[in-house]
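Trainee: Whenever a hint applies, use it, and build me the whole structure from the sequences.
Those protein sequence lines, which keep their order, are chains A and B. Taking this note's numbering, I'd label the letters of the first sequence as residues 3 to 282. Taking this note's numbering, I'd label the letters of the second sequence as residues 803 to 1255.
Since the hints were derived computationally from the structure, they do not count as laboratory data. Take the hints with a grain of salt, since some may be wrong.
Under the rule of at most 30 Å between Cα atoms (straight-line distance), these lysine-lysine pairs were calculated in the DSS-like manner [as the list claims (entries may be wrong)]:
| no. | chain 1 | residue 1 | chain 2 | residue 2 |
| --- | --- | --- | --- | --- |
| 1 | B | Lys1252 | B | Lys1207 |
| 2 | B | Lys1094 | B | Lys1067 |
| 3 | B | Lys974 | B | Lys1138 |
| 4 | B | Lys860 | A | Lys39 |
| 5 | B | Lys923 | B | Lys1162 |
| 6 | B | Lys913 | A | Lys23 |
| 7 | B | Lys867 | B | Lys1252 |
| 8 | B | Lys974 | B | Lys920 |
| 9 | B | Lys1186 | B | Lys1207 |
| 10 | B | Lys913 | B | Lys1094 |
| 11 | B | Lys967 | B | Lys1052 |
| 12 | B | Lys1252 | A | Lys39 |
| 13 | A | Lys39 | B | Lys920 |
| 14 | B | Lys1156 | B | Lys860 |
| 15 | B | Lys1252 | A | Lys23 |
The following residues of chain A were derived to be distant from chain B, with all beta-carbon distances above 12 Å [said to hold, decoys possible]:
| no. | residue |
| --- | --- |
| 16 | Ala59 |
| 17 | Met82 |
| 18 | Leu87 |
| 19 | Arg114 |
| 20 | Gly185 |
| 21 | Gly187 |
| 22 | Val188 |
Idealized CB from N, CA, C, for every residue including glycine.
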Amino acid sequence: MLFALPVLLVFVVFSWGPIVKGLVMSVQQTNLIDPVKWVGLENFRYVLSDPGVGQAALNTLWFTLLALLFGFPVPVLLAMFLSELRGKSWLYSTLAYLPVITPPVVAILLWRFFYDPSPSGMFNTILGTVGLGPYPWLDSPSSAMPSIVLEATWAGAGNAVIIYLAALTSVRADLYEAAELDGAGVVRRVWHVMLPHLRGVLLLMLLLQVIGTMQLFTEPLLFTGGGPQGSTMTILLLIYNYAFVNGDYGAATALSVLLALALAVLSAAFQLATRGWSTE
Amino acid sequence: MNRFAIRCAAGLSVPFLLVACSSAPSSTGDSGSSGQVTITVGDRPTSSDPANRAAFDKRVADFEKANPDIKLNPVETLWDATTFQAQAAGGQLPDVLNVPFTEPQGLIARKQVADLTKVLKDDGLMSQLNPNVLKIAQDQSGNVFAVPTAAYSVGLVYNRDLFKKAGLDPDKPPATWDELRQDAKQIAQKTGQAGYAQMTTNNTGGWMFTTQSYAFGGSIENEDGSQATFDDAPSKAALQLLHDMKWVDKSMGQAVLYDIDGISKAFAAGKIGMFMSAPDAYRTLVNINGLKSSAFGIGPMPQQGGDHGTLSGGSVQIVSPNATDAEKSAAVKWIKFNYLNKYVNQDAAVTAAKAGVAGKLPVGTPGLPVVAADQWATYQSWIKPYVNVPLDQFAPYTKVAADQKIIPEPPVKAQEVYAALDPVVQTVLGNAKADIPALLTKAAGTVNAKLGR
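Mentor: In structure tokens form, the structure reads like this:
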């Protein structure tokens, strides 16, 4: 117990202290210079009555949904594909991981260039050669969020691929051999050997992805600033704007608390629902 | 897809930062019993800019020699929208800092700047400053919270090469928005580039919409800032014009999302004929983004239905709200010495101009006088031999701007108002069937809720 004390202390001061302080700030009005004013639930009422918050919540859910539909399966498939390749597998996994090393800011600036909406833009030029486009990509409210999902999938897939690959290496080789001897093709090997082994990791990654995508921030900030027409304004970008553009810390912390609550409830529900499905 | 680590970090860091900020701010200066005052001053050029840094450090040394009871502690802190709030909250602001005109009203409302009225009156500086420009830094009852050191009004920046290619006279930028529409159409048809573009994101949409609305005779807030007033005929006409240029004339190109950085890059690349900006865009466009200096042109803000005026921009020096009286007076002395002396002292004017030329900065970029008009003219004659910008190309702007009425930004929560107006402009430019009156009514509702808070 005595030895654990310093760790515990550090944890309380640096990890839980700020969270508690954030909770306290959500019921205060402060510019951090004048004495604080206790306002009770006023910040929450203000935030909940802001029409921007409703739209930001919907946008965030929309991103999460798109990311699950398109972003989640890609790394799984990629990992399975890579694990099927014999020889030079280090090369393929390096290539798959490469986008993750690119700093997000650099990647986004690069993609903004790709997404240039004029016919001479990079993607539009390529699509133009086969008679498609030009598409507005980030400049239309209907395609802005999918465009962000595309970039985010590209940028983040490598991380998940590495984790899935690691999980797949723990599959005993004799299981594959047995399956092959029994005449199982690639599809059946994937379905009966790989997927069951990945189940635990898949569930965990799913939860982490939902929590992660609900906190989407960098991409909309740098791609679109929340536009066009508010279609990519996410909860976290709104929190950032409240705090660092408007200087309204009360509203920012109130919305942070609401987001944290929603994520906690979601995680708990997920845990309950999937308790029976975990591995073995 | 799983960039969760970054996102979790970003999510967690908001409360963390907020809390990091909330520790009791400490005064950065200290005044000992000996009468010696130490103040920190921001905006010291970084070591990657050695010529300017050396010039700045020399001014610091000269100032300390002239004022033995004041010690300066120069720091590299610059104003930055994304870090300012955290620095202000954490008591990390220098005692003196340069901030743009967009900020003083918000800073005054949030009590993040010192009241300088008494110091400025005692010093006599109050009467030397241009009262039109000083309004930027005053609250409703006329107290002054900052010292303007550079000012300009928003005008119309245009590409002289594209004007020529389109068969337009590069010395005659449009004077009304109807003319602007015609010119934009002609540029788009003859050159294939966007004739006109407007900023729309990160609050610049609301900022430029405000400017445009002013030029149509509109307003954004009522005088005490308690009510949104942009739900009116001039604003509707302004948006209708944008709508028609984009969807009827097709003279605004494909891109909708521009902030100041994006529009500067596209303009410097020759993709835009005209956009609203101030004379200091010259540095951004020519020195930073590589526009040919001969292609830069600027005219006054086009007006519509009368001479209404334009939005002002520029910089003011603010003093930390934690400064003591002695520190405030030391700060004002430094502001005068470093920023305003050149307007009243020939040696200081020449030294500053020479330093600018050596540092490859534009010298002589026109702007609005921050001091009285005749003093301003004298200053211009002092620096004439060192001017390194093509003044002829600024002439359409300077001829009109000196007398054009300047209108300050909305007095209350300007940035929040701009944020609420961004999507309005984006919708008009992104959706051919946008319902302009409904958009404005909705935005006015949002803004009124914020103004009431």
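Trainee: Could you check the structure against the hints above and give me the numbers of any it violates, in ascending order?
Mentor: Of the numbered hints given earlier, those the structure breaks are 3, 4, 5, 7, 8, 10 and 19, listed in rising order.
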